[in-house]
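So the sequences go chain by chain: A and B.
When you line the first sequence up against this note's numbering, it's residues 1 to 283, in that order.
When you line the second sequence up against this note's numbering, it's residues 1 to 371, in that order.
Since the hints were derived computationally from the structure, they do not count as laboratory data.
Honestly, I wouldn't trust all of these hints.
[Unchecked claim] Derived EDC-like pairs: lysine to aspartate or glutamate, alpha-carbon spacing no greater than 16 Å straight-line:
| # | chain 1 | residue 1 | chain 2 | residue 2 |
| --- | --- | --- | --- | --- |
| 1 | B | Lys159 | B | Glu141 |
| 2 | B | Lys113 | B | Glu296 |
| 3 | A | Lys187 | B | Asp11 |
| 4 | B | Lys20 | B | Glu97 |
| 5 | A | Lys159 | B | Asp12 |
| 6 | A | Lys159 | B | Asp11 |
| 7 | A | Lys187 | B | Asp12 |
| 8 | B | Lys19 | B | Asp104 |
| 9 | A | Lys48 | A | Glu66 |
| 10 | A | Lys48 | A | Glu83 |
| 11 | A | Lys187 | B | Asp43 |
| 12 | B | Lys31 | A | Asp151 |
| 13 | B | Lys20 | B | Asp104 |
| 14 | A | Lys159 | B | Glu30 |
| 15 | A | Lys18 | A | Glu108 |
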Amino acid sequence: MIRSVYILENTGNIVFTKEYADSATNQTQIEFLINLTTFLDTIDLEDKTEFMNLAISRFFYAAREEFTFVFTADKADDANQIEEKIGQLIDIFMSDYVQLARAHQPLEGFQEKVDEIAVTMVKVAILGFAGVGKTTTLHLLRGETLPLVHDPTIGVSIKRLPEEVENANIVLWDLAGQSRFSILWAKMIANAQVVVIVTDSTLENVLRSKKLVSLVKEEVPDAKIIGIANKQDLPTALTPERVGQILGIATFELVAIDISYRDRLIQIIRRAILEGKLDKKEI
Amino acid sequence: MLEALFVVQLDDYHGFIVKKRYPSSLSLNEKVLNLVFFAHQQDKKGGIQLSEIEGMNIASYSQSNYPGWIICYVIESNDLSPEEKEFIPGMGRLILELMSENPDEVDIEEILKRKSTLPEQNEEQRAASVFLTPSSSLILERMQTQGVDSAAKLSLWLKNQIQSDDVNIRDAIKPLILSGIVKVEMISKTKETVFLLKDIFNYRAPPVVSLQKSEELYPEMMGQYRSYVTTFFSPPPPNKGYNPTIPDDDPNSPLLEDRENIARVIAKSLHYTVLQCVRDHPMSLSEIAQKTALPETITQSSLWALETNRVVAYFEEEDVWGLITNPIIETFMPEYSLQLVSRKLVDKEISSEIGSRYLELLIEVWSDSSD
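Construct the complete structure from the given sequences, taking the supplied hints into account.
In structure tokens, the structure reads:
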């Protein structure tokens, strides 16, 4: 997701700034952006957008005349999507606001336009073996009535989360858990920013699900992985802590058929999106 | 018999997107798209897959170089006639190539009406892909100095050249294997050896055949036609003409850049189909469209692309397109490598088994073509 937007002049003056989520911005980063602007003034980017990685973030930048445009996003974000967005921002700024910026006048209405542009699509993949409750989790997230009959998913079922999380539109990819569809998993989790691994909290299933954690780490190394210890209402369920220990990832309890878990689950996904791949303490 | 056609793409964010459908009333659901996609994932080689989903017989076509794209034909019965077996992949190749260019302009109804297809890539086109994969052309250059090399040594050399451990020798060498330029074999059960069997020459030839035939067909345009060709190949001094045989080590040389342009023209099946048509004699747009069975809009775009690459020119009065330079990729026997290999044998860099196997392979490849 786009975490922050900056527009700077080649003098180092910050023309516009907007933060959508914590991007670990600090004075050092601001100084870095000012230096970057000064450097870009000496070279010709030929209207291209480039990016560089820094800790958990990816800085996308482009220059037009005396202005530098910077988006801070996640490494897991689709670069084409962000490049398109930065292009839209530049077009609007250069056509409607450049004169105001040069005259150091307030950019009225610009923030609303930036807010519209900065909405990105975030893919959350739900992965797990057959019958653990992935589709039920999807229904819970969407606030839908649960179907009475178990109808195994074929391939993948793609739905949107009705709510936006900050400036992100969440697309949920519910992957079929039957083993015949396992050849699709690697392909279907491509570009996911968050992968939710659902288990039914039985020892057998949790041990099997360790393979899924390895698959996700291999295929989408920049994605945040969270574990779900579902079916906590059953007597045989392992505790979420124990499931988390076995899987080696942060794991949360769930009873997917209980609507009261919905807000909690959305918050867990929201936090995973906002935090990105690494926890703060790991930076 | 074909009842309907749809083109589906798996987008990493939006999922399955039906990009085109004919007739527009054709109704599809997530299950159909999932199962068609699943069939192709089971056999990653691409090609035709037959499925029966929700009462529909679907013959679908995919190509590994267009991942995520599938062309689906709803057919009457799952027993494909020989004609359908040829026509389904041919039309699939055409639609995939067009969709990768400009999906908005693809008119599948017209393609269906004309039964337009693209042929499979031939040897010349497969060789072109070597120039379009930077690590492949690097490997070819290396093999030109080695003749025979061990795959492990070649991999190390490539990593060193690119200054990266991420490079995969198998991917890099694939275009060379597919075009028959090199062969990789296990010798002595442990050693994977790479043999250079063909070398490639990539250049623009003067359009001799087309010029000769034009003298009879369009005598009145010959002055202009000859002048276009002469301007390119032998312009009056001080301008230098085109001479691809002069050695040039400068990596920024226009000749090297032109080699890539030639490869791009030849590798692109649409342009290549049109090019093959005008190699013989100048033709009008409608003649080319008729001969290639391609829609006129597509033929026109191809001709414009070829014109930009200085391959064809338009003759307004005659309303025809003529070839002014003939891009060619030819393979030849790398005779020079015999000396390289015999020196390696003397220096005991390679075993006699590898040396004799190399000779066998060269004889296998080149005795067939000279018969």
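Taking the hints in turn, this is what the structure says about them:
{"no.": "1", "hint": "B:Lys159 to B:Glu141", "in the structure": "holds (15 Å)"}
{"no.": "2", "hint": "B:Lys113 to B:Glu296", "in the structure": "holds (13 Å)"}
{"no.": "3", "hint": "A:Lys187 to B:Asp11", "in the structure": "holds (11 Å)"}
{"no.": "4", "hint": "B:Lys20 to B:Glu97", "in the structure": "holds (14 Å)"}
{"no.": "5", "hint": "A:Lys159 to B:Asp12", "in the structure": "holds (13 Å)"}
{"no.": "6", "hint": "A:Lys159 to B:Asp11", "in the structure": "holds (14 Å)"}
{"no.": "7", "hint": "A:Lys187 to B:Asp12", "in the structure": "holds (9 Å)"}
{"no.": "8", "hint": "B:Lys19 to B:Asp104", "in the structure": "holds (9 Å)"}
{"no.": "9", "hint": "A:Lys48 to A:Glu66", "in the structure": "holds (15 Å)"}
{"no.": "10", "hint": "A:Lys48 to A:Glu83", "in the structure": "holds (9 Å)"}
{"no.": "11", "hint": "A:Lys187 to B:Asp43", "in the structure": "holds (14 Å)"}
{"no.": "12", "hint": "B:Lys31 to A:Asp151", "in the structure": "holds (12 Å)"}
{"no.": "13", "hint": "B:Lys20 to B:Asp104", "in the structure": "holds (9 Å)"}
{"no.": "14", "hint": "A:Lys159 to B:Glu30", "in the structure": "holds (11 Å)"}
{"no.": "15", "hint": "A:Lys18 to A:Glu108", "in the structure": "holds (14 Å)"}
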